[in-house]
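Chains as they are written, first to last, in my numbering: chain A, 9 to 76; chain B, 11 to 392.
Because the hints were derived from the structure by calculation, they are not lab data. Be aware that one or more of the hints could be misleading.
[As the list claims (entries may be wrong)] In silico BS3-like pairs for lysine-lysine, Cα to Cα no more than 30 Å straight-line:
1. B:Lys18 / A:Lys21
2. B:Lys249 / B:Lys86
3. B:Lys86 / B:Lys254
4. B:Lys306 / B:Lys156
5. B:Lys247 / B:Lys306
6. B:Lys254 / B:Lys306
7. A:Lys21 / B:Lys183
8. A:Lys21 / B:Lys24
9. B:Lys232 / B:Lys86
[As the list claims (entries may be wrong)] Okay, the calculated bits of chain A under chain B, using three or more residues with CB under 8 Å as the criterion:
10. 45–54
11. 59–68
Where is the CB? At the ideal position from N, CA and C, for every residue including glycine.
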Amino acid sequence: MSRPILTKSPLRKIYTLPTVIAVVSGVGLVFALLGDGVWDVMSWLAVGLPLGVAAWVWSRTIERPRSG
Amino acid sequence: MTNSALRKWAWVHKWSSLVSTIFLLMLCITGLPLIFHHEIDDLLHETAHPAEVVPDTRPANLDGILEKVHERYPGKVIQFVSWDDDEPGVLYLSINDSVAADPLTNQFARFDANTGAFLDEPDFSGRFTMIMYRLHTDMYAGLPGKLFLGLMGLFFVAAIVSGVLIYGPFMRKLNFGEIRQNRARPVRWLDWHNFLGIVVVAWTLVVGATGILNTWADLVIKVWQYTQLTEMLGAGKDKPVPKKLASLEDAVKLAREKLPDMEPQTVAFPGTVFAGPAHYVIFFRGNTPLTSRLLKPVVIDGETGAFTDMRDMPWFVTTLLVSKPLHFGDYGGMTLKIIWAILDLVTIVILVTGLYLWIARRRAPADQALELALPSIERSPA
Chain A
9 MSRPILTKSP LRKIYTLPTV IAVVSGVGLV FALLGDGVWD VMSWLAVGLP LGVAAWVWSR
69 TIERPRSG
Chain B
11 MTNSALRKWA WVHKWSSLVS TIFLLMLCIT GLPLIFHHEI DDLLHETAHP AEVVPDTRPA
71 NLDGILEKVH ERYPGKVIQF VSWDDDEPGV LYLSINDSVA ADPLTNQFAR FDANTGAFLD
131 EPDFSGRFTM IMYRLHTDMY AGLPGKLFLG LMGLFFVAAI VSGVLIYGPF MRKLNFGEIR
191 QNRARPVRWL DWHNFLGIVV VAWTLVVGAT GILNTWADLV IKVWQYTQLT EMLGAGKDKP
251 VPKKLASLED AVKLAREKLP DMEPQTVAFP GTVFAGPAHY VIFFRGNTPL TSRLLKPVVI
311 DGETGAFTDM RDMPWFVTTL LVSKPLHFGD YGGMTLKIIW AILDLVTIVI LVTGLYLWIA
371 RRRAPADQAL ELALPSIERS PA
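Please work from the sequences and hints to get the whole structure.
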């Protein structure tokens, strides 16, 4: 039987950070098209944001290795 | 989302991924060196460089360069003259047996745009980057190959969208970026797959969608030829190819006067696919990172050298032209290229872990299968 499995608030919470990262990196893709110099740097930071987040998650898994 | 909707999206994610993964892997692997094709070509192949000149040097007369080409390649014709986007001061000449010949069979000669001296004649056909390029764009199968890869791109986009939709239900008991380190390997890779997939989603969607657009480039150009180009040529579309061509130097000079804020990028000679039978079409580009990707065609009579027409490209060509840098990542310096390459590698990880999870789920013992299944589906009766 179909039943709603997701109440509103936890779902919104789950998607908040991913949405912010997607919007920032998506807008960043346009930055470098708009100009050179500072636009390029802003683009690197924004498009590189997901990599920064991934590196942070990775470093946490190395710091806290598997226990048992 | 209802349980049944969730099942449907999970089904879409599984099958769109399974159908396209092997081709997406190929595209990611061949695309990686293509990000750096210029650097790789410089490294692997001897290339002559143009002479250093002081700024505002008057460029060499184009007619003089054409004469040198005719001396060097007797009996051949010129299809296109292009100003190199990457290396200022270099002119590319595309040469073939006839103007109507398939541009894919062109040979190339490079000239110094300032001194007019011959530089070299690069042969791209056997190059590593060209092999990667052909595999990446059409798998050596021409238009059908392109359209097939475009279809795979559509499956890829479907996999991304459905993946985003089922991400939420998977993450109900997990924090963002949480990797369950103490669980079995498939669970750990599931967490990595979900996390990496959602964190790079903007990039994979943009590169996927612009890649699909690029597979339609040949068709877009055909439509442009039958619509705007035909309109610009007017009655000239039925004229024969002139025996003697009007001066190219004068034609470019005239077009430059019409568009003082733009730079010529390519000249298509009369009779070639991008021109009229009796007209030059000179494509101009702008000077900013964005407008340098956009082209504006100027039509010049190939017999009299008279200005005929000029227009902005229609929206569908502009869309294609803007989609190119967003796919190649070549518009923000070396740093952006490196970011592009790492994102490409991350995409490979997502593809491989996805495939691994599909296999692991099929092989998993019953207790583990539960953890790999969607949290909601596991509780619903089979």
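* Against the structure, test the hints numbered earlier, and report the numbers of the ones violated in rising order. => none
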